[in-house]
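Please build the complex by placing chain B on the supplied structure of chain A, with the hints as guidance.
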Amino acid sequence: MGGAFIFDHLRTPRGRGKPDGALHEVTPLRLATTVLGALRDRSLPDTGLVDDVIFGVVMPIGEQGQCLPRIAALAAGYAETVAGVQVNRFCASGLEAVNMGAAKVMAGQADMVICGGVESMSRVPILSDGGAWGADPAVARATQFVPQGISADLIAARWGYDRAALDGLAAQSHARAARAWAEGRFAGSVVPVCDGLGEVLLDRDETVRPGTTAEDLAALRPSFAAMGAAGFDRIALTRYPDLAAIPHLHHAGNSSGMVDGAAAVLIGSLEAGAATGLRPRARVRAFAEIGSEPTIMLTAPAAAAEKALRRAGMTARDIDLYEVNEAFAAVALRFMQALDLDPAIVNVNGGAIAMGHPLGATGAMILGTALDELERTGKATALVTLCVGAGMGVATIIERV
Amino acid sequence: MLTTEIDDTGVALVTLDMPGRSMNVIDWAFAQALDGAVTALAADTRVTGVILASGKTSFIAGADLGIMPGLWADGMTAGAAAAQIRRIGDVLRRLERLGKPVIAAASGTALGGGLEVMLACHARIAARNDRALYGFPEVTLGLLPGAGGTQRLPRQIGLARALPILLQGAPMGAEAALEAGLLDALVAPEDLIPAARRMLAEGRVPAQQPWDAKGFAMPGPPIGSAEGFAAFIAANAAVALDPGPAYPAPGAILSCLYEGLRLPMDKALVVESQYFGQLVTGPVARALIGLRFDARQRLARLGVRPEAGDAAEACAAAMAAEAARLVAGGIPAARVANAAVAAGIGLAPRPAGEPAPEAEPLPASDLQALARRLLVAGALAAAGAVRAAPGHADAVDLGAVQGGFPAWTGGPLAMIDRVGAAAFAAEAAALGLAVPPALAAQGGRFHPEEETA
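These protein sequences, in sequence, are chains A and B.
Here the first sequence is numbered in UniProt numbering, starting from 1 and rising by one per residue.
Here the second sequence is numbered in UniProt numbering, starting from 1 and rising by one per residue.
If we strip away everything but chain A, and leave its shape as in the complex, we get (with noise of 0.2 Å):
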């Protein structure tokens, strides 16, 4: 059994996911084939090199139905031999597409993949599927559903992180990623979004603010304390009794953005990279992914990071750098105190809460952004997880080569 290896990746940058967003005129299917696209041309001279193009999409409808991947990698050019395949798996849907493409190439059922994902929040809105979880009473009442700020208020409460600290790592992000594209560090990696006639209509994240403070995001107000009066804490309380109330301290400022984007990572065994001369950049060392109580579902990032360090036979202290998805700030808090890690090899270069989280694709753009800062730092190992609906985790290692 051989390796699966990651030979290059890109994204596109992300656009603020509304109407007034830089990449509301641009259609899923353009930013898939955006990052297709740029990834043929610098990586794939014959792309029917390619098995597949797995791609998470989250809201799978509409102009992001219908297997979208397939579709894209036609209408990029692909080789028609080139398959696609969309996958969902709530927000780790785009290190899904990595962990299940990595898998075909370890089993030695796939020679070469391109994983990732896209996600046009401005065009096909979140919570736009519909899904039984909530509104089903049948399976609403007995895992005590709570939609996922409820969650991430619960965990404030749970573990004690007040509006400070979730305001101080928010504040923190927009300065870590402000530097990171201040520096360069996204250069080698994004990849303009340009319109129908070729002018860039964006190449770099749009709703990074530098210069944001605590202290500006104090005067936010809570954005899920109706929706806790409206029944929800009241679930949350009778699965965590113990708790006598839920503050409401996420707001629109230390939760994750939504926004339009899409990632590709291409991922293949060695021999099939040496045969078209690509150099091995990196290579996925371990997986998993786990399921936790949903309730409070946003805390699984350490569970699923124990599980694939395990697989892995390592420890949390054998990793040089760590990218948790900032889903929202209480989570990110949470997996540096369950693991006990040093904030300082964590989110380097920001996180979602900067720079958003396009469903379908963060987990890939994570992962891109873990690889490039090991090449620039020269270490070796990187740990990327997110937390993800109904209470799953998935986590990635990935290791120099």
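Read the hints as simulated data drawn from the structure, not as lab findings.
Remember, it's a predicted structure, so these values are computed and weren't measured experimentally.
Cβ atoms here follow ideal geometry from the backbone N, Cα and C, with glycine treated the same way.
Check before you lean on any hint, since a few could be wrong.
To be verified - Under the rule of at most 25 Å between Cα atoms (straight-line distance), these lysine to any residue pairs were calculated in the SDA-like manner: (1) Lys267(B) <-> Gly130(A); (2) Lys18(A) <-> Gly224(B); (3) Lys267(B) <-> Val139(A).
Claimed, not checked - The following label-pair restraints were derived from C-beta to C-beta distances: (4) Pro210(B) <-> Pro125(A): 27 to 37 Å; (5) Ser22(B) <-> Arg221(A): 49 to 59 Å; (6) Trp159(A) <-> Leu431(B): 26 to 36 Å; (7) Glu199(A) <-> Val270(B): 37 to 47 Å; (8) Ser225(B) <-> Glu25(A): 23 to 33 Å; (9) Gly211(A) <-> Trp211(B): 18 to 28 Å; (10) Val270(B) <-> Pro125(A): 31 to 41 Å; (11) Leu220(A) <-> Ala73(B): 55 to 65 Å; (12) Asp162(A) <-> Glu360(B): 20 to 30 Å.
Coordinates of chain B only, in the frame set by chain A:
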């Protein structure tokens, strides 16, 4: 019970007038009579339209709760109860598929099953009547409208307007019913039947329900739209808050809507009857009917309502004292308070204490066990204070529920009756709670055997 007069224009005036009752109710005899009438109206080629009316000042007060013990009797399964209730639902389905226009002309109140009958007609008018009430109070008795109410109401007026009517159960007056879309028109009482005749003559009553027509769409956002999903997410949370997880009926109603509104009517009615069967054979419907109907009936028959006296206060105080004892014994105060809220117990004062250092998720059964202690303590206190005077046990149950003992139990004394005094005393002793001599001496029951039987 049902009389049919056919005039020379072919309009059949079907009048419901149950002998020996001040109000019409829905029972098995009614279902049989209506079934016969539908068969006759279908077969009679002279009949071109039907008016369904009442010979009383109200239309139909609702289902006769006397039929319920037959549905929860020993040996009745949820499936058997569902099959029974479908006898009524099937007749209403036949009525709306008669193939001739049917208009309901209500002289007054139509609650529960009475409103279900109206919704199975192709048009609905009512007399202006200050005393008339319309609505679905089933949820307050732990039940749901099991003869098509959960399916026809949203299809008629849309999900958003149907939800509070079904989930809160509060009856509304005639003007509000018109506003809500339950009624098509309000007319002067003396003009009720002439108005119905005019609507038939003018062709304003269709011979088919909208939901039986091709291309039917429920008013408002489609059930499968993002708005539809959001409405259910919000409604699930709202019923978790009020009345809370101890009451199964709101959740069952929401399931009827979530599942049934995606189905054609015939399949939807089967789903509804299954949820009805589960509710009527479960303990909560029985307890709520015992408390809110039987106990009140017995007190009304006594003429004078005895005061609950100290018993209700003793019950509330005993629950609060037991809560304080649990906290003193090391159980986090928040856990005790949350267990009480989840069980629908109104605790005053709420136990106070330090927050727990790390809150682990707990299974619902842990909270239920804590709540059970509070309920047993409260019921023991009520049993120790109840007097043998006629009606006093009913007054204590009603008073205790007013004072924070949850209604889904049927009241503290009814709760003891359900398991029997001896078994209850044994449970209390096992929990380490002192059993009052009154309960130990109580060989029989606080309340008579099922009144509704």
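Looking only at beta-carbon atoms, does the pair Asp162(A), Glu360(B) fall within the given range of 20 to 30 Å? holds, 21 Å
Agreement of Lys267(B) and Val139(A) with the hint, judged by alpha carbon distance not exceeding 25 Å: Holds: Lys267(B) and Val139(A) sit about 21 Å apart, inside 25 Å.
Okay, Val270(B) versus Pro125(A) on CB: inside 31 to 41 Å? holds, 35 Å
49 to 59 Å was suggested as the range; check whether the CB atoms of Ser22(B) and Arg221(A) agree with it. holds, 57 Å
How does the Cβ-Cβ distance of Trp159(A) and Leu431(B) compare with 26 to 36 Å: does it lie in that range? holds, 34 Å
Within 25 Å, alpha carbon to alpha carbon, are Lys267(B) and Gly130(A)? Judged against 25 Å, a Cα distance of about 23 Å means the pair holds.
Evaluate the given range 27 to 37 Å for the C-beta pair formed by Pro210(B) and Pro125(A). For Pro125(A) against Pro210(B), whose Cβ atoms are near 31 Å apart, the range 27 to 37 Å holds.
Val270(B) and Glu199(A) - C-beta distance against the hinted 37 to 47 Å: Given about 60 Å between the Cβ atoms, the range is violated.
Are Leu220(A) and Ala73(B) spaced within 55 to 65 Å by their CB atoms? holds, 60 Å
Cβ-Cβ distance between Ser225(B) and Glu25(A): within 23 to 33 Å? Given a distance of about 25 Å, which is inside 23 to 33 Å, the answer is holds.
Per the hint of 18 to 28 Å, is the separation of the Cβ atoms of Gly211(A) and Trp211(B) within bounds? Violated, since Gly211(A) and Trp211(B) (Cβ atoms, about 59 Å apart) do not stay within the stated range.
Given hint Gly224(B) paired with Lys18(A) - CA-CA distance at most 25 Å: Satisfied, since the Cα-Cα distance of roughly 24 Å is no more than 25 Å.
The structure is inconsistent with the numbered hints 7, 9, although it conforms to all the rest.
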